[in-house]
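Peer 1: FYI, in UniProt numbering the residues of the sequence shown are 1 to 308.
Please keep in mind that the hints were generated in silico from the structure rather than gathered at the bench. Where is the CB? At the ideal position from N, CA and C, for every residue including glycine. Don't take every hint at face value.
EDC-like, lysine to aspartate or glutamate: derived pairs with alpha carbons at most 20 Å apart [what the hints assert, rightly or not]:
no., residue 1, residue 2
1, 287, 256
2, 13, 90
3, 207, 226
4, 67, 152
5, 111, 181
6, 237, 263
Here are the simulated distance ranges between beta carbons [unchecked claim]:
no., residue 1, residue 2, range
7, 109, 255, 47 to 53 Å
8, 182, 254, 39 to 45 Å
9, 250, 31, 31 to 37 Å
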Amino acid sequence: MDYVVKTNSLTKKVKGKLLVSNVNLHIKKGEIYGFLGQNGAGKTTIMKMLTGIISPTTGEIELFGQKLTKTEKSGLKRVGSIIEYPIFFEHLTAMENLQLHCEYLGFYDKKAITQALEMVHLTGIEEKNVSDFSLGMKQRLGIVRAIITKPELIILDEPTNGLDPIGIKDIRDLIRMLNKEYGITFLLSSHILGEIEQVADRIGVIKDGKLVNEVTLADISKQRTDYIEIVTKDVEKSIYLLEYELQIFNMKIVQDNRIRIYDLTLPQSEISKKLIMHDVEIEEIQKHTSTLEDYFYQQIHDGGGKVG
């Protein structure tokens, strides 16, 4: 298997606190890989180790089949990244910042800078000081800096931070285009699950510093199911009625006040009618199809089994 990124028992401790524990990550060449995890799960720490910003306590990182060490970092020249918020020399112009970045990496092509600015819709701002930029503009400029040297791997930590809906769509389209037309591999993290769902080929779920699962979106899609969700404060009474009055047993309780019914033999209207007849206060009852959010919730909160 041709892996762009591979880690072996990657672990990071800071002042005795375990931030990342024995992560075995596998990112294939040419794929868009999405990191999912709650705030503080360890996503950014892993990305910082992959980009050489911090070193692992133990474990190994391979980039393009070559180990990344304190003395061997040549693989990083093939990587572009934004980790957390992009940082610039605020007193310099956008163009000066981009030129400095290219010179540092030994890559300078003014045409490439212009093309990257056009891709992210930032033309006309080249001579403006970065201190005058909004958060969204700085985020776009960070993406320009990440793609300008035509890297083979781009690592983006929350790439749509500070962007409006149009900007989010632009970045999503840009990622797809760079992946499809140039074969660039992506590692993305986002707290917006829908964004990951729309672009990723495969995801890794991070919980408490551990990699819980790696699975393709196609495998998750195969497992999608329809269900009826009831929101009510009368959960115990509802469960009793569903089981003993309607003979429904394939269901589960989520988030304390929600019941998901996977046995769809009876129509929603009949279920609703039965509960109301027995004075159950229903806040909401609706039919759904399971999503990436449902899968993520299952992995994080229910300790769901592996898929694929």
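Peer 1: Now tell me if each hint is right for this structure.
Peer 2: Status of each hint after checking the structure:
{"no.": "1", "hint": "287 x 256", "in the structure": "holds (19 Å)"}
{"no.": "2", "hint": "13 x 90", "in the structure": "violated (33 Å)"}
{"no.": "3", "hint": "207 x 226", "in the structure": "violated (26 Å)"}
{"no.": "4", "hint": "67 x 152", "in the structure": "holds (16 Å)"}
{"no.": "5", "hint": "111 x 181", "in the structure": "holds (18 Å)"}
{"no.": "6", "hint": "237 x 263", "in the structure": "holds (18 Å)"}
{"no.": "7", "hint": "109 x 255: 47 to 53 Å", "in the structure": "holds (52 Å)"}
{"no.": "8", "hint": "182 x 254: 39 to 45 Å", "in the structure": "holds (41 Å)"}
{"no.": "9", "hint": "250 x 31: 31 to 37 Å", "in the structure": "holds (35 Å)"}
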